[in-house]
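Engineer: Chain by chain, the residues run as shown.
Protein chains: 2
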Amino acid sequence: MGFLDLESVKKLKALADKGCDLRKEGFLTPERISSHQKSACGFKLLWGCERVDSEIMDALFALAKEGKALDKMKAMQSGEVINSIEGVESENRSVLHTAMRDFFEDRIASAPAKKASDEAKKEFDKLKSFLEKEGSKFDHLIQVGIGGSELGPKALVIASTAYGKKGKSVDFVSNVDPDDMARAFKGINLKRTIVVIVSKSGGTMETLTNEKLARSYFEKEGIDSKDHFVAVTGKGSPMDDPSRYLGCFYIWDFVGGRYSATSMVGGVALAFLLGIEGYEAILKGASTMDKHALSAPMEKNLPLISALLGIWNRNFLEMATCAIIPYSQALLRFPAHLQQCDMESNGKHIDRLGKRVKFHTGPVIWGEPGTNGQHSFYQLIHQGTDIVPLEFVGFEKSQYAEDLDVDGTTSQQKLLSNLFAQAVALALGQKSDNPNKSFEGNRPSRMLLAKQLDPFHLGALLAYYEHKVAFQGFIWNINSFDQEGVQLGKKLAVRVIDEFKGKNDFILGKAFINELKGL
Amino acid sequence: MGFLDLESVKKLKALADKGCDLRKEGFLTPERISSHQKSACGFKLLWGCERVDSEIMDALFALAKEGKALDKMKAMQSGEVINSIEGVESENRSVLHTAMRDFFEDRIASAPAKKASDEAKKEFDKLKSFLEKEGSKFDHLIQVGIGGSELGPKALVIASTAYGKKGKSVDFVSNVDPDDMARAFKGINLKRTIVVIVSKSGGTMETLTNEKLARSYFEKEGIDSKDHFVAVTGKGSPMDDPSRYLGCFYIWDFVGGRYSATSMVGGVALAFLLGIEGYEAILKGASTMDKHALSAPMEKNLPLISALLGIWNRNFLEMATCAIIPYSQALLRFPAHLQQCDMESNGKHIDRLGKRVKFHTGPVIWGEPGTNGQHSFYQLIHQGTDIVPLEFVGFEKSQYAEDLDVDGTTSQQKLLSNLFAQAVALALGQKSDNPNKSFEGNRPSRMLLAKQLDPFHLGALLAYYEHKVAFQGFIWNINSFDQEGVQLGKKLAVRVIDEFKGKNDFILGKAFINELKGL
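Those protein sequence lines, which keep their order, are chains A and B.
If you use my numbering, the first sequence corresponds to residues 159 to 677, in order.
If you use my numbering, the second sequence corresponds to residues 159 to 677, in order.
The hints are simulated quantities; they were obtained by calculation from the structure and are not laboratory data.
Keep in mind that the hints are not guaranteed to be accurate.
Note: identical chains are not told apart, hence a pair may lie in one copy or across any two.
To be verified - Derived DMTMM-like pairs: lysine to aspartate or glutamate, alpha-carbon spacing no greater than 20 Å straight-line: (1) Lys675 x Glu189; (2) Lys344 x Asp297; (3) Lys516 x Glu598; (4) Lys344 x Asp329; (5) Lys516 x Glu476; (6) Lys595 x Glu249; (7) Lys661 x Asp563; (8) Lys649 x Asp565; (9) Lys659 x Asp565; (10) Lys449 x Asp264.
Kindly generate the complete structure, drawing on both the sequences and the hints.
Structural biologist: See the structure below:
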């Protein structure tokens, strides 16, 4: 059944017409804030500043039930074939990123999930041995990979650098832009550098080109690159070749790039930086959130509640974008990872029945850390003509615990004060005789709080968003796990490359190349 | 006269209803690509992949004329008081960021512009002397500032690092998050570090707090911080105090933060990194684009054409966002700068007559470099349910010229091939029997090309966007130069900070603080 056919969708449309106004006298109270929250895995989700009342929340939970959100989550984590579209050729695979970290309590018992997590554990142990043997030879790691082979791992590395081992650093090269590589190789000690090449297929154009470019830096110095290069790839791929790599770690086609950060795709760099125990803590956090998403009842299920509120804002209040604003500078690249995770998963125009959808799927996801954003795009968020719903993330304690009391409060308290103030300002607005100083308010936000952004909570945060995205896809009944939309551009790029070689076959490609000449 | 009252707006509405389809047989041809382009200041703007025909372009130029776009640009660059709203209290100032770099040919003759550029030149010369005297004492510069005191300068620093002097590096701290400072101060040589504190008013909460925190690192090491700190601030502000700073450089209230990157706000760090001549080249590029925006006729005026195409997409084709995708990793933080420049300028709900607007103003601006984005959010751009218009930026040559021929083409050629391929793929789409492999096409983009991202072209690129934003504001008849929308959050943040101190006066702030305790 398609999304628009669901009974609860009709009900929600009617409720949206009726509206729910945060500015109403006596609506946004301390009691509302404390009653609209749930906790799990060390996180607390607060949604008192969303435009919902109990009738709307009931209808949203009915939607989750009708859309079989929890059943589908169970099917996913059990390894059923859910990456598929009925009646047409599709990837037809399991989706088992959760198995990549299912090493702890209450392991999933189903055969495919168990097999996947056993294999993942084997890679984890291999990595541990590898770092014990080779880790001390290197101070600096450069990861070469693009898309999910960069965004998630980089977001996690930056977010956890505060916990990094002394003397270890990590950098990333993703773009086929040669300047990205030149920048990364400028002024480093090659003898102490390890390069991790990540490509599931072993055939990503950018990554293979960059691997050759990266090896050329070593060769120029007379260093045998094979002693410095590690592969993360699928078993049997062209990159699965011990004669060319110091080590080779496996990933599988049932783990999509954008969901692969906790697999070896992120694992090698994270374990190098944090030690194997730091990486393990991330996995444990993620796995704890996986079990919560799987087993918690709807009314207490954090990623599900967040998914439902997102659907409310997107499909019923017609908001085209969603901003993710972490009040933590360490999460600087988290929004870029979530752009991929969310938009590549849910930016789809057909549903799992192969039908063109007649409703909005995934919104544009964007964001930057607060308080920085407050001095930038918040002008539009407060007084622009479109409403942008916000997801805030905040932590009680800082990572480094290097803080100073200035005028009676610490910087961390000032940071959190700004977060809380924004939620209230957006919800209530402000009347003024000066139209330029008036704020219309009724602009929704929700807030995810935890004690500290340590490796455990970082893993849980990653998984929270993965499951929020998956739940939305389940309810929209789209396939969140393929990415056919990236293929056409790839195909045409090969044809333009041929034009650079003088093939003279793709006239539009040639036309653009001609424009270059006239510069 | 308001935007909706313009004759050309009515005409454009009718044309939008009629539509313009890029997929039409014989529409997108090599001839169209080469006839829909204009060059200036070393840049070429190509808009053959926008959904416009000659009738629409004529109507857009009529709109620019009716909206007095060029007259208002002249008023701005001449220093007339244009930061104002009729009939209500407003900032009532000139807007003279262009004067900050008007040191070259054809200087603007009007008295206020001349006075401003004379003063700016004085600061430039002061900076030159300062660096001659003090520059060799330092290897590392940390700039502390937020909003425009970070985003523009940081975007420029990253974009020009390839041209940096050997041994010089620059970092930024913006967030009140104490971890941002801790990260920046980890493992650096304080004796060789200079810290630049930037605040026009001398009263920005984040920056003052961070200045104290930054000085504490020096004091802990027994180093007198005054020999390491430089102020960039307004004359007579609390920070204009030679007893506390090694140097003090001035900025003025007629230069808005988001337009201040070429003033001393960005100048100290850029001249430190690139040498004064590198900074001067950026200024020269920006000034060249300023004169072009001022003097080029509409049909050849690059930022104006871009502004008009943006208005077409936003107001007539109803697109809520706009993605800026530089095919250059060096422009990594340029979209974040443009988020501020554009959204803080044009995310407004009242016009210059003080009336609530009944049309859409500034869109959400977002983006990441290509090809990276292709492996991330492009899924949504190709197959999502909303159309996202794109602005591509590309360069014929790389910065470092460290490139490798792999399979007959260089990385730079592969990079450009991807750019060109995306424009075509988005415009034409692809039919398929498999609905999951079908691309609807008719998705618009435009493209800005230049030979190389060197300091001159970087300056011109910055100014191009500043003027695109200004032209859109002129045509919408809004005030692009204030930011009242950021005030309410600031005010409430002070009240939450008081709650952390136990004031017990702001019950909603207190409610959120209570939620922290339960974590």
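Engineer: Each hint: holds or not?
Structural biologist: Here is how each hint holds up against the structure:
Taking the closest pair of Cα atoms, Lys675 and Glu189 come within 20 Å of each other only across two copies (16 Å); inside a single copy the shortest separation is 66 Å, beyond that limit. Taking the shortest Cα distances, Lys344 and Asp297 sit within 20 Å of each other both inside one copy (15 Å) and across copies (16 Å). When the C-alpha separation of Lys516 and Glu598 is checked against a cutoff of 20 Å, the pair qualifies only between copies, where the shortest distance is 14 Å, while the shortest distance within a copy is 31 Å. Within a single copy, Lys344 and Asp329 get their C-alpha atoms as close as 12 Å, and across copies as close as 17 Å, so both meet the 20 Å cut-off.
Both within a single protomer and between protomers do Lys516 and Glu476 lie at most 20 Å apart by alpha-carbon distance, with minima of 13 Å and 17 Å respectively. Proximity of Lys595 to Glu249 under the C-alpha cut-off of 20 Å is restricted to the inter-copy arrangement: shortest distance 12 Å between copies versus 53 Å within a copy. In this homomeric assembly, Lys661 and Asp563 come within 20 Å of each other (Cα to Cα) only across copies, at 17 Å, whereas the closest approach inside a single copy is 67 Å. Within a single copy, Lys649 and Asp565 get their C-alpha atoms only as close as 59 Å, which misses the 20 Å cut-off; across copies the closest is 16 Å, which meets it.
In this assembly of identical chains, Lys659 and Asp565 lie within 20 Å of each other by CA distance solely across copies; the values are 10 Å between and 65 Å within a copy. Within a single copy, Lys449 and Asp264 get their C-alpha atoms as close as 8 Å, which meets the 20 Å cut-off; across copies the closest is 68 Å, which misses it.
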